[in-house]
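Model the full assembly from the supplied sequences, consistent with the hints where possible.
If you're matching them up, the sequences are chains A and B in order. Quick note on numbering: the first sequence equals residues 512 to 1305 in my numbering. Quick note on numbering: the second sequence equals residues 512 to 1305 in my numbering.
Hints in this document: simulated from the structure, not taken from any laboratory. There are no misleading hints in this set.
Below, a list of computed lysine to any residue pairs in the SDA-like style, where the Cα atoms sit at most 20 Å apart:
(1) A:K1199 <-> B:T1220
(2) A:K1088 <-> A:P1029
(3) A:K740 <-> B:S958
(4) A:K815 <-> B:E962
(5) B:K740 <-> A:T735
(6) A:K1218 <-> B:P1200
Number of protein chains: 2
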Amino acid sequence: MAVEQSATTGPLTPELMSRMNAWWRAANFLSVGQIYLLDNPLLREKLAIEHVKPRLLGHWGTTPGLNFLYLHLNRVINDTGSNVLFIAGPGHGAPGVVASTYLEGTYSELYPDVSRDEEGIRRLFRQFSFPGGIPSHAAPETPGSIHEGGELGYSLSHAYGAALDNPDLVVACVIGDGEAETGPLATSWHGNKFLNPASDGAVLPILHLNGYKIANPTVLARITPEELKSLMEGFGYTPVFVEGDDPELMHQAMASAFDKAFADIRAIQKAAREDGSRERPRWPMIVLKSPKGWTGPKFVDGKKTEGFWRSHQVPFSDMSKPEHLALLEEWMRSYKPEELFDADGSLKPEIASLAPDGALRMSANPHANGGALRRPLRLPDFTDYAVDVPQPGAKDGESTYIMGTFLRDVMKANLESRNFRVFGPDETASNRLQALFEVTERAWDASTIPEDEHLAHDGRVMEMLSEHMCQGWLEGYLLTGRHGLFSCYEAFIHIVDSMFNQHAKWVKSANAVEWRRPIASLNYLLTSHVWRQDHNGFSHQDPGFIDHVVNKKADIVRVYLPPDANTLLFVTDHCLKSWNRVNVIVAGKQPEPQWLDMDAAINHCTKGIGIWEWASSDAEGEPDVVMACAGDVPTLETLAAVDLLRGYFPELKIRVINVVDLMTLQSSTEHPHGLNDRDFDALFTTNKPVIFGYHGYPWLIHRLTYKRTNHHNIHVRGYVEEGSTTTPFDMVVRNRLDRFHLAMDAIERISSLGSVGVHAREELRDKLTEHARYIRAHGVDMPEVRDWRWPTEA
Amino acid sequence: MAVEQSATTGPLTPELMSRMNAWWRAANFLSVGQIYLLDNPLLREKLAIEHVKPRLLGHWGTTPGLNFLYLHLNRVINDTGSNVLFIAGPGHGAPGVVASTYLEGTYSELYPDVSRDEEGIRRLFRQFSFPGGIPSHAAPETPGSIHEGGELGYSLSHAYGAALDNPDLVVACVIGDGEAETGPLATSWHGNKFLNPASDGAVLPILHLNGYKIANPTVLARITPEELKSLMEGFGYTPVFVEGDDPELMHQAMASAFDKAFADIRAIQKAAREDGSRERPRWPMIVLKSPKGWTGPKFVDGKKTEGFWRSHQVPFSDMSKPEHLALLEEWMRSYKPEELFDADGSLKPEIASLAPDGALRMSANPHANGGALRRPLRLPDFTDYAVDVPQPGAKDGESTYIMGTFLRDVMKANLESRNFRVFGPDETASNRLQALFEVTERAWDASTIPEDEHLAHDGRVMEMLSEHMCQGWLEGYLLTGRHGLFSCYEAFIHIVDSMFNQHAKWVKSANAVEWRRPIASLNYLLTSHVWRQDHNGFSHQDPGFIDHVVNKKADIVRVYLPPDANTLLFVTDHCLKSWNRVNVIVAGKQPEPQWLDMDAAINHCTKGIGIWEWASSDAEGEPDVVMACAGDVPTLETLAAVDLLRGYFPELKIRVINVVDLMTLQSSTEHPHGLNDRDFDALFTTNKPVIFGYHGYPWLIHRLTYKRTNHHNIHVRGYVEEGSTTTPFDMVVRNRLDRFHLAMDAIERISSLGSVGVHAREELRDKLTEHARYIRAHGVDMPEVRDWRWPTEA
Ligand SMILES: Cc1ncc(C[n+]2csc(CCOP(=O)(O)OP(=O)(O)O)c2C)c(N)n1
Ligand SMILES: Cc1ncc(C[n+]2csc(CCOP(=O)(O)OP(=O)(O)O)c2C)c(N)n1
Ligand SMILES: [Mg+2]
Ligand SMILES: [Mg+2]
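Quick look at the structure:
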């Protein structure tokens, strides 16, 4: 099982090994050069201080290991013709990844100014972490990368996402031993229980056990080898250990390990694909135990550096010290650049020939520019799923259930292209998307019992109780050119706040990279939302993901709050067609009144915001008050408030505005969906009170509208962090978003009502007392609340 | 090693076993009653529909297992006198936890209306998940709980946090097999590498392998037993398996397992404490494999329920069906309540006597009401650490380094009380808090090598590359009455957004529980912040945690942006003294100009916001412009802008305002630290332009100030999601927060300047071009930017 340093023979001929080692030296040389040099790239002159960058930025420690793995993967690709995608968990090893892609030629193909000659190498060095140059991580600018690796923890879930439905692909995923301590990474080892060897590709995890993180040893490097083996076997893998620091021995050991791993992968796939095996395979994984900063300076200023955490970043700086300059020169010359590059600075042909051909180069793997592979989903006509709404509010429906019927047929229509999946942490059915199970199952490769329902090796619904895993899978799936939807309890989507950040940043940066093609949008359905946590209570109430999302670049984020099923259908269809966005859809799963028939829904959603004429009474002129709402529950409460107001004051001119696309509220100068000021003023007036019932934290509405003329008249009710396990109506009451409070708010602010309103307000206040007493006595909401319906027209 | 169902003999006498089983039946009976019944609590009448709650809410599936474990822990406590804290990972099993604490008597001691008689049981049932009653989870209202268990994943990190520095304590931590799939839980198994058997308590993880989550089997239940064993051994534990469903066999097996586990724990502790062993122990852990919804209905409507996911929540509802009512009655009567409770409804004495005495009851464990144990930290005088600032801006200092010297002495002063720790994901030194290592080390119980630095079994700095673990440890530590600080890269603190949510919600709810005493505040130091990610770039830039935090209740959250070292010292001291808060401190770690001497810092921070007279030129009257700033980098840029403006327009009246306590901006009606409108207007004027340089997303300033008179004149610059690996000054330029943009903004808005300003603006614009060219050529900022200093007074 263990392929260790003691293996003196191996698959590599001396000649091949020597060329491979030359490649590795070249990659390491180019990596150090990126971190340190401005000029004199091939050290054709004696190194002088003016050749060195004034600010030394970057990470050396992880780099030689990445270069070593990259090289050896190329060897296997050459031998086997495998289609391999490379993921560098420690994306801070970009000097290495960039160097390898440069050696492969891809870099110069995409960035011709970084040519394959001395001048190109000078540019390669100079641009790294330099103003106007390239980032320090494996960012979208990096050929072959789908993983930035800045925030650690997501490499393996990305890898599993990329492998789904790509039966030919082997995703080689390097995991930092520090990264392996993060929660998201720690659970993503279980990805192997959701990977179908027959129809998915393979993931080859490579634990990069260089022993250290920034300033500490890593946990996995300081447990016994038996524990580490046990851990990997416990996660269901067959580990192969490659351990040592002598390059020759390590080349042989690594080559054997990859040979074995790739052979095992092929054997597993053959068993599943040709022999029909249904056993969960014990996929191989590799542990590479090698020194951090391998081949770098052993000591710096008398302190251990190679094989220690001190080599994590820039192993030494302060280049005004002559001994540092000398150390750098000695270090770089130890790679013997003169043996690696020709006179013009191009890589010697016998070394360059180690690169695989064309698209077999990992830096040119088409899956890494997934947008180029993306094909639009086949979408059935969403209007076919319309709920019949003969009259606004006359009928109830469960919005997400209806959406599920549409998703079912989206799934069905794309079964053959195998490019659509739905993700969720064990909540697909709870979120009422169960219609999906009419056409597919949950992916499950672990064992089953006869009673199990909807589990299958090739299921297309991915459920694991890890929001991190769902997000990571989906990102990996989208980045390699496919489509998907993540449904989640609204409160717990905060678990992936930081993953969303990183993805949004990736999309923004990728937009600026000429050769990257757009990927499908990341679609969230947030349901079981703040207002309807009947079984759960306070800990499950948090609508703040929207606030989090709108801090990201306006051209990337969209937030939709469809108030009922037909609007949700429109929005779903729209989001599934879009690209390079993050779409957040918030919708209820409980039975709720349906307001708009399909024609009305299409009209309304196309605008994103609009007056509901049938609910308004200001046709002939300016309204006395604007009642605005966004979200299903606020819409219900607002309409009930309007009904109350009409009862008290039949002459009152009320305008009802519903917002589906939250971004319409923002100024058109700040968001592409924003209304211009003229249109906004026309809707919200310039001087009338606006009572705004909002799904989430009320301050967001102010943040979006603070520049609007009538802003000082906008009075928002929303979630103010009050709640417990109580009745649905009590939840809105506690946060003053209920019909009674909204009606009181309106009465208080409509100047024309003057003192006439006082009596009505008293009555409404009494209602609140009645409510409080009633629910404590009966445990359910008052019939007049529960059974309230929008009045049907006479 | 495995204690299995086949064990027919065991430590329990038949008599004891029969009483224990009666307790378990009582706990299960009371659990079902809480979920289902309004009345007729002891089934003294035939069950009728009006005895049943109209809305059935809660979770049954996990409950019988929790009750079983609780009971058996009591047995071990009785036998050994152990001090045990109980953590229910699946906090949705609150019906069980509450039932057990009721059986122990604690519940009635804390809530006398829920008395130990029939009427008390009626109230116990009625209040559960009922309006005005108690939440459905193990919330702060629950005696003995420090863990709500709503958002799954944090039980084990809480447990490890609670065990630190509590050498007598055994934290029994039940982990749901679903919960175990979450990332945070998956990595927290490694807590055993940071626990010192000599001076910390023990954690006994109990994996509750009931096979299912909401609607799926769990991964750990569907791998082979060998894999599970291997996994637990790989994590460094010695697992003991208890498996089966026959109560008698299971009681014996469970009792043996706990006997063994507690004996092993004591042996490990003895080896470390008396025999001086320095080996990392293989702590025991238990796997309880039992049916989900154990003892519940086997089938409901013909579908498998006991031992299946269908028993997760309320196993059946729609009680208008007579067969459901009958099923409920049969189920509840199967526990034979008549054998459990006396005529008055009190628990039979021979059963009640199974409860441990007084504070040994887990529901009365003092550590679970940690506030009552909390002792204030001994704090050295922070002014002793002051940086000498002879003149504003004359000297540079590294704020967090200075803070570190203060923290070092805080650590030292409390070494003996062992109630202060510092937490961070491998960044304590990177964040410049290295002075701590002069008095303590990093906690490390895994293996070491001679070159290692600052690792020790009893180190008090907790570093693991998991923000989740750091947060979970700290929460567990605080909730059990101790103090701490979490230092983190600003961008990556979003990783724990949702954990922060849950903690803030806990603190808010606990505030409303009369018997809970306040706990120490959760203090964050966010450094390596958005503006100074020199080595990293875009993925490491996100100042949005502040936005996230301010959505929580105003009386809980505080945000501080000290601009230099002395203000940071004041703020740190203040935060370490506070309780029941979440304090967010954002401060730089790079060398930066120091503005205030200690006297000025104390004055300024006491107000939280104020005019910097020495930088202002509006002494004699109203200013022409207000230049406001919050955060170290914005303060620097604002002052540099003021210097530029003075150069161009010596007569200009400029007022400089600095904000340390961000909450002062909010209205006094919304936040206790908020300025009242009069004071705000006095500072910001009612009609003069305000140019506000802010550390984070600019919209937050608008959200905080939208109600202020002069709001429409407030023009905010902050991070607008632009960045890469570039120079520090280029970062502010890209986001238009630099001195040149700020000065241009001011000139544009000061009406009195009229067209005179145009020339200056042109010059400033040229500066930006010069900057862009310079950094691309040299890779560093222009000397006039780098070397700028606030002009010393003549
Ligand atoms: C989630 C997260 N927390 C903290 C950091 C800061 N950080 C950058 S590199 C690093 C150490 C990484 O160690 P490892 O994964 O072992 O990588 P390698 O040793 O290969 O560099 C840390 C903690 C980060 N990038 N992401
Ligand atoms: C982070 C998170 N995601 C999703 C949920 C929704 N949820 C509530 S209970 C549950 C299943 C829990 O299963 P397990 O941990 O096995 O508990 P048990 O079987 O003992 O009820 C889920 C997914 C949650 N509470 N927390
Ligand atoms: Mg490492
Ligand atoms: Mg379970």
